[in-house]
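Student: Okay, here's what each chain looks like letter by letter:
Protein chains: 2
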Amino acid sequence: MTANTKEATSKEEPGHAPLSVANTASNGPPPDVPPPAYQSHPLGPLTASEITQSSIRIKASWPSGTEIHFKIITLLEPAKAQLMPYLVAERAGQTPLDIDRRSFVVYSLRGTHNVYEAVVNLTNNTVESNAKLGPFQHANSDGEEIMAVEQALLADPKVQAEIAKLKLPEGTQIVIDPWGYGSDGIKHETESGKFYDDLRVMQCFLYMRDPENSSEPDSCHYAFPLPISPVIDPATLEVIRVDILPTGLDDKVEPLKPWQPRPPNEYIPEAQASLRTDLKPLHVVQPEGVSFTVEPFSEMGRLIRWQKWDFKVGFNQREGMVLYDVHYDNKPLFYRLSLSDMAIPYSDPRHPFHRKAAFDLGDAGAGIMANNLKLGCDCLGSIYYISGVLTDGSGSPVNMPNVICVHEQDAGIGWKHTNYRTNRAVVTRQRELVLQTILTVSNYEYILSFVFNTSADLAYEARATGVLSTQPVDLELSHTPHPYGTIVHPGVLAGYHQHFFSLRIDPMLSTSSAPILSPSTGPRNAIVYEECVPLPFDPQSKDPSANTQNPHGTGYTLRTTPILEPGGYDLSPQTGRVFKILSPSSHNPINNSPPGYKLHIPPMQPMLAHPSSFHHKRAEFADHSVYVTKYREGELYAGGKYTNQSRGGTGVRSWAAADRNRRDKLDAEGGDEPVVWVQFGLQHVPRTEDFPVMPVETTRVVLRPANFFDRNPAIDVREPSRQEVNCSVGLNREGEAGSSGKHEQVLGGEGGKLASVCYGGHA
Amino acid sequence: MTANTKEATSKEEPGHAPLSVANTASNGPPPDVPPPAYQSHPLGPLTASEITQSSIRIKASWPSGTEIHFKIITLLEPAKAQLMPYLVAERAGQTPLDIDRRSFVVYSLRGTHNVYEAVVNLTNNTVESNAKLGPFQHANSDGEEIMAVEQALLADPKVQAEIAKLKLPEGTQIVIDPWGYGSDGIKHETESGKFYDDLRVMQCFLYMRDPENSSEPDSCHYAFPLPISPVIDPATLEVIRVDILPTGLDDKVEPLKPWQPRPPNEYIPEAQASLRTDLKPLHVVQPEGVSFTVEPFSEMGRLIRWQKWDFKVGFNQREGMVLYDVHYDNKPLFYRLSLSDMAIPYSDPRHPFHRKAAFDLGDAGAGIMANNLKLGCDCLGSIYYISGVLTDGSGSPVNMPNVICVHEQDAGIGWKHTNYRTNRAVVTRQRELVLQTILTVSNYEYILSFVFNTSADLAYEARATGVLSTQPVDLELSHTPHPYGTIVHPGVLAGYHQHFFSLRIDPMLSTSSAPILSPSTGPRNAIVYEECVPLPFDPQSKDPSANTQNPHGTGYTLRTTPILEPGGYDLSPQTGRVFKILSPSSHNPINNSPPGYKLHIPPMQPMLAHPSSFHHKRAEFADHSVYVTKYREGELYAGGKYTNQSRGGTGVRSWAAADRNRRDKLDAEGGDEPVVWVQFGLQHVPRTEDFPVMPVETTRVVLRPANFFDRNPAIDVREPSRQEVNCSVGLNREGEAGSSGKHEQVLGGEGGKLASVCYGGHA
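Chains as they are written, first to last, in UniProt numbering: chain A, 1 to 763; chain B, 1 to 763.
The reader is advised that the hints may include incorrect statements.
If chains are identical, the list can't say which one is meant, so a pair holds when it fits in one copy or spans any two.
Listed below are the simulated DMTMM-like cross-link pairs for lysine to aspartate or glutamate, each with C-alpha atoms no more than 25 Å apart in a straight line [unchecked claim]:
no., residue 1, residue 2
1, K194, E162
2, K308, D716
3, K312, D278
4, K252, D543
5, K187, D233
6, K187, E531
7, K308, D278
8, K132, E238
9, K542, D250
10, K167, E530
11, K132, D538
12, K252, D538
13, K308, D233
14, K542, D197
15, K308, E270
16, K165, D250
17, K158, E145
Note that these hints are calculated values from the structure, not bench results.
Isolated chain A, as found in the complex (with noise of 0.2 Å):
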């Protein structure tokens, strides 16, 4: 393990000297800011003028001329030592002390491999460091880069060269998908010397557009997979060298051979040969509208209030979607909430397949990557978009529009009781608040949501759709099995994968008004599991107290273990084990025990890599459902800060095992500041139902109250489930509902109009 995380506020950069804000501005004085029209509070997302601020501070610190490629600009946010102190003073309406606001900022030379990480200083326009990236520390990808590259491999001879070995039909549209290289600490031999994947480089995947139809810009054309990967620096668009793809059963490259023709398989509606016509339409309507507001907290951040639910929303390039001081009832619950990170390594372990390993969030952006959900039509009912502001690569702000999506959503029943005796029914409904986001990385999509409830329950939600990352496979293999992935198409192989979602949760649990803090200022909170075990009982004893607490084998109880070391934990479904965060200084009033948020965390089949490959020492996070660690500044993201062709040696189980070599415990009585982050995934064994386009496969976790509050937070939900409320429409004809026996008709697409009750001018 090589690699090692530079720190960001590290001021030795050996070729560099870092500029101070006395230093003369060589791009000119940076310009007139205007005062900002919110105050500045320490969460809110930067803003344009931020962005622009922050580039330009950068900029003014190189000699004049110096061509910059802006990967980052974004908040730093303040130190937790710092910024609970001031969350308090806020929400008791006291007047928070200001906290300087602070940009991060990584950038490359262009043209060059030399990557910086650097922090800008809003408040008093300075820069406060600036530091070239060590060894191992790759920039992430971006729009731009991914455009050039492509360009730059259609023009290059090599490649042109493999592709006329292929003999496509005239006319043939050539697509690229460019990928991260991974890593496999390879050399190799190029033309122009050794290579090593300490490089920063990219490998690429070639496919062409159905030749019937070549005009059609979205033709799907991962279903016309090529066997050519060049290899490229992006940098200097250099074509390191071009691969040819094993498309047989083992790992035999064959030299190219002529294409055959196949047939399309396209996901666009015009294109398909029929389409449902008996879906009729459903809508969601809300006629005294929303029961949210949304607020500014500052110029790009919103606090949402729903249902006792308040919390802050920001946005930034690499996470994306993040919620910030999350209360209930006021109540504290966490501090900090996100999506780490993400690693989707595949199966195939034959060259260059074997280097396939994404991890979105770092390589690209959840920010960056996110969608314009309003032209998307992605949700249903009365909804209020968020937008956001990043940077493009010149450092110039980039308006995000709409993407995070609110709106609000039935969830069916959230609780019922009848009263055999009386048969009085009282049932009310679920109502859920969501947050969703959703990312576009290169063939898949993930729809990505916060959703909260009335019973007090936050789970986060991942759907992964879009279309699989496909391979060419030999035409004449199609019904043969394959070893490492499913043939979804004539000539194409979908690989087996894995997707590894890391959810951080930083909390702050407390029934008091405020949180507890520690001496370090950070909330008191600890972690436990629970687990169901049975009652000792030996049916064959013969001692008759042997059986005493259990005379009939049927008993059993709850054991509570406390974590105190900092690493990777397990789910245990065969003993029920539950992992919990938990106050330990509060009490719940009816019955004392410490009151927490317990997780429902569905298990995921850890990585498959071996521990010794690079798949599993860069995807830190891939190996446990659970990991708990100490809080620390800049620990936000389980597979460290860089991924992009990471080596490992940085995220959750180097922190974690750097706090046990300190021996570091967690305190039981909660007096460090443990962070949980919770993994988990899917393994996709692709269908032939998941092409050309994958339905969604969902999976969600669940945070959910447990003693903390003193009886069920949905009592005073006022029972809606009425009909004057709900507006419901019964189908069957007056007088047949409830009479059993009667001639019923056919019941066809007429039926279930508008309720007129409700809505009268339409039914």
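Take the given structure of chain A and dock chain B to it, following the hints.
Tutor: This is chain B only, laid out in the frame that chain A set:
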């Protein structure tokens, strides 16, 4: 293990000679039954007149004046060997051979423990069999019996004497929850002699209403459990003994002491200090009507067609909702689907709680306990209600109105892809069709649904809600951890318990238009499980060939294991084990693999009770997530036909063992007819949040096509996520969405009214 199921078809019956149709009917001749208005479909639930016909035939088989208590009169479904050709012919538009209609009847002679099982041939109006049940075979309970038990206990001097010791406030209302007695094999000495648990009895838990609010019949008595538990013979209404409950931390039973006041905990809305006023109505509107059709296939049976799905819906006393003959796009999928059983064992090992183990289907009946959903307003949108007809104790038909509701719901995005090169997003929504039924079993509610979707998934969902079954705990222990439960209210202990559901899946998968039949005329299906396994890798190896296939340690492949042995099988999240039902003699046209449906099963903690305990012996299904048996007539209920006070020895565990003893193997080629029993459930460690009524705990099994179709079955869902169709409401003011940095106002409850474009009159 001494229990032994007596076959229903047995003609032997000591003490009672079954009568043939030729016998004189002592209760008078059968009445004129009007000709059925529909073809008497063999799967049609019994009609009111068939129920009457059945009870008349049974009464006629006894001497005049014999008082009969009918427990079950339900359709006896034809043998599969007879019914399958019928269904195939019916679908092919041919005229199927008529099949006699039969009813299955369970009844007792009033005032006795004698229980009988009979079959009435309705077509030729004969009693085909009529036999007294063997030992340990007891009838289910019913509402009439429960009401009688409650009244008898309240009037009983022994019970009154114990209650008097509590010195309850003047006017206190006692409320009684009768429970099945369970089994423990223990002999008790009573006034009337020795009593074993082979006698059919009930144990009852006593509660009182809030003495401050005694006149409120819906006051939550579960907040006031009393330490008195009478045992009663429901046939004779004799009180056998009155148990006093342990209320401390151990099994010590203290003499009854005067009751100490404690606060109430009500769930009815008018008793809440305040109700939320900020939850605005949410309506589901289908302006062009619904997308499904319902037509009768018999007087009581309903055929539903929706989005290429078609299936028949039945309803019976025990299982409630049953699906038959399920097809998608005319391809046969499932012959029969139902919840087959349920077991809820409790953890408390102390007498008499050690016997607390409910089998709500067999002990009571999901059909007879089904809620009238229209009265409860349990669904949202445009709803079709299906009603049932069952029997009362006198053998007269009882209408069960609105026991199943049918409606559509939106389930978020179904699939999406954005081509980042053209920025075109294609997105469709997932639509679901829900068939929901709800049963109330004393304190508890189960919301049970089949959920079909547009991607050809079929899910079965269980939601647990209602009120915890509570027991008293000493008030002074309220702040002490209890080994067997959670204190959810002062003086109220909610014991730990497990919920096991068993979904019975009788498949007929085939991609042909008709099931491929085995020699026994059953459908040829096979069961396998798949796991992802790493390729061999030895990082220490000096042998260059050791890692040839997996040089970087990243590779894995899929391993398929056929299930050839009937028995119980476990999930294995660590290996990503997925069970599949395959049609081995069909072939996917794309990749030649056998078409299948895979099972997404949530893991459960298996039963904690010891294998030698009665809880474990009785719940034959609660130890494995999957059971696979060979299809045999009459094997419908995972815990056996008679669960009330059962002793085990009948159910899936025994059936599979019998198969193995016969050395019966399942045929890998699918020559047999496997039945799959999926167990799933909840480990319920109660929270204070679960009282006085619990928010739903939801769990879901999904059956999902896997290489059954040649491509995404939802590809032809008309791109519906368009504003013209969705009629969504954007809450941001015009021009704001997408523009970052604008000052936005607080969005209040008035936002999001009806979209004027769609509902002009209401905006």
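Student: If a hint holds in the structure, say so; if it does not, say that too.
Tutor: Hint check results:
no.	hint	in the structure
1	K194 <-> E162	within (22 Å within a copy, 92 Å between copies)
2	K308 <-> D716	within (11 Å within a copy, 41 Å between copies)
3	K312 <-> D278	between (42 Å within a copy, 20 Å between copies)
4	K252 <-> D543	between (68 Å within a copy, 20 Å between copies)
5	K187 <-> D233	within (15 Å within a copy, 83 Å between copies)
6	K187 <-> E531	neither (49 Å within a copy, 34 Å between copies)
7	K308 <-> D278	between (40 Å within a copy, 10 Å between copies)
8	K132 <-> E238	within (23 Å within a copy, 88 Å between copies)
9	K542 <-> D250	between (62 Å within a copy, 22 Å between copies)
10	K167 <-> E530	neither (63 Å within a copy, 40 Å between copies)
11	K132 <-> D538	neither (66 Å within a copy, 37 Å between copies)
12	K252 <-> D538	between (60 Å within a copy, 22 Å between copies)
13	K308 <-> D233	neither (52 Å within a copy, 50 Å between copies)
14	K542 <-> D197	between (68 Å within a copy, 24 Å between copies)
15	K308 <-> E270	between (46 Å within a copy, 21 Å between copies)
16	K165 <-> D250	within (22 Å within a copy, 82 Å between copies)
17	K158 <-> E145	within (20 Å within a copy, 86 Å between copies)
In summary, the numbered hints that this structure violates are 6, 10, 11, 13.
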